[in-house]
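Undergrad: Between the sequences and the hints, there should be enough to build the whole structure, so can you do that?
Residue numbers (our numbering), protein chains in the order written: chain A, 1 to 304; chain B, 1 to 304.
Calculated from the structure, these hints are not laboratory results.
If a hint is listed, it holds; no wrong ones were tucked in.
You can't tell identical chains apart in this list, so a pair holds if it fits in one copy or across any two.
Straight-line alpha carbon distances no greater than 20 Å define the calculated DMTMM-like cross-link-like pairs of lysine to aspartate or glutamate that follow:
1. 303 / 228
2. 216 / 178
3. 266 / 249
4. 94 / 71
The structure displayed is predicted, hence computed values, not measured ones.
Each chain is listed here by its residues.
There are 2 protein chains.
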Amino acid sequence: MSTPTNPLFKRITLIGIGLIGSSLARVIKRDGLAEHICVSTRSEETLNKAIELGLCDSATLDQAEAVKDADLIIICTPLGTYSKVAETIGSHIKPGAIVSDVGSAKKCVFREIAPHLPEGVHLVPGHPVAGTENSGPESGFAELFLDRYFILTPDKDTDQDAVDRVKGLWQAAGMRIETMDADHHDQVLAITSHLPQLIAYSIVDTATQVGDDLQKEIFQYSAGGFRDFTRIAASDPVMWRDIFVENREAVLDILNRFDEDLTALKRAIRQGDGEKLQDVFTRTRSARRGIIEANQHLPEDQKV
Amino acid sequence: MSTPTNPLFKRITLIGIGLIGSSLARVIKRDGLAEHICVSTRSEETLNKAIELGLCDSATLDQAEAVKDADLIIICTPLGTYSKVAETIGSHIKPGAIVSDVGSAKKCVFREIAPHLPEGVHLVPGHPVAGTENSGPESGFAELFLDRYFILTPDKDTDQDAVDRVKGLWQAAGMRIETMDADHHDQVLAITSHLPQLIAYSIVDTATQVGDDLQKEIFQYSAGGFRDFTRIAASDPVMWRDIFVENREAVLDILNRFDEDLTALKRAIRQGDGEKLQDVFTRTRSARRGIIEANQHLPEDQKV
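TA: Below, the structure is given as C-alpha cells:
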C-alpha cells in the first residue's frame, strides 16, 4: 500500500480500469491522493492486470462489495453500462458519498445513474477531455490529464461541497476545470469529439471496403493522410458505440451541418471552383492557430 | 558548393522549393547526388530563403534560365502551375534531359506538361507519398522520404533508362519504389490521401462555422479528437485546391462511396442500432494493423 502524502479522500473506488481509470489510479497512487483505492472490473483478467500493475489497494469483481465504505466512486466503464452499474451499487453506497464518472456524454448520466442512487448520495458527473486511441489498464499514464480540460456538469441541486471535492481531485491530476450544464457539454463535445471520431471510423470503413485488390496499396500509401484516420479509428469500439447511442441527438444535429458543408465542397470540386476551395482551405488554418493558443495542439504522448 | 561523392546527375534543377523540393534538395546536398543543384522559385523571398538554407548551388527567378543545361528537372510547384511552367521551360530544355514532378495527381501531368516538351526530352511523372502539414523551404528535412513509397507513373512510351535514373534518385533518398499507371495512381491516392484531406478540411470548417460563442470551447476541448483534424487541415491551401481540381473525377467517385457509408452510420445512430455501430468500429481496427504491417504507421517526425 502506498503511503498517502496528501489524501483528498479516504477511500476511492474505481468501477472500470481502462485508459482513463488506470491513468487516474496512477495519479492517485503517485501523489497519495487517497488512503485506499479499490478497483472493480467485469473480467477477472482485467482485475488481475490492475493488481499486477499496482493500480489498487484492493480489487474485486463484486461491484456492490467495492463501493461499501467508499467516499468517492468513479464509474469508468462505457456509457451503456451506467444504468446496470448504478442499479447494482446504489443501495450499497454509504450516505454522504460521491458518485462521479468520466463519460463523454453527460445528459445520460442523470437519466441512467441518478434514479438508482439513494438520498444523501451526491451525483457529480464529470468528463476529463483527454485520451489516446489505446484502451485497457496497461495503456494508462499519469500525465494523460496534464493541461487538458475537465468538465463538470452538476445540476442546480448538486451539493457544492461534493462538486469541489471532485474538482480538487482532477486539479491535482493537472487538469483545468470548467463547469457547464450537461446539455451544453453534449453539444460541444458532439462537435469536438464525437463527429471527428465518427468521420474517422466512416472514412476508414469506406477505404477498407473498396475491394480486396486495393487493400495492400491503401496501407502502403497511407502516409498521404489516411494513416492519421486509422489511428483514430483504432479506438475502443464499445466505448464509442455507447457514446453515439447516448448522445445521438447532438451528434445527428452536427452531422447534418457537416453534410451540408461537405456537399458544398463537393459541388465546388465538380464545378472546378478553385476559388471556393481555396477560401475554405485557408480559413480552416485559423482553427489550428486557435488550438495552439489554447495550448491543446500537442498529442498526449508528446506534451510531456 | 558541396563536393559530390556520388553524383547521379550532373545538374538537377528544382522548380519550386516547398516541403518536398527542399527535403529533396537536402538529400541531394547531403549525399552529393548531383554536381550542381539549381533552384527556381516564383518569389524572391522564397529564393533568398533557399540560398540562406544552403539548398542550392545556383538560384534564379527565371525558369527558362534555370533549366538550361539541366539533366534532370523536377517540378515541385502546385499542380495548377504545371501547364504554365512547362510552356515557359519547354523550348529551353536540352535534348535527352528528363522532366519529372512530385505532384499528388498523375494523369494531369500528361495532360498539362507533355504537350509543351520538345522531342527527345523524357517525361517521367512521379509522386513521393510523404508529407507533413507544413509548407515552405524551411519545413523540409532529408528524412521525410525514408521508408515511404515513391510511385512512378511512366506511360508505355517512356524511355526506360530515364525511368531508371529517376528511380535511382528517390531510392537514394530512402524510398521504396512502385510503378503503376497514372489512372490507377489517381484512384488509389483519391482514397488514401485526397478524401481524408477533404474530410479534414470539411470537418474543421463545419466546427469553426457553428458560431462565435462556441469558438473558444471548441479549441479548449479539441483534445477529444478535433485536434488531429486541425493539424491535417492546416496544410497548404493552394496545393490542395489544385489537387481537387485536377483529380476531381476520382475524388468525386470515392466521395460518393463515403457519403453512402456515412449515411448508413447516421441511420444506425438514429435507430440506436448499437450492433451495427460496433461492427463497423471493430472492423476499422484491422486497417490500423495493416498499416503497422506495412510499416507506415509512424508520423514523419517520429519515424527517425
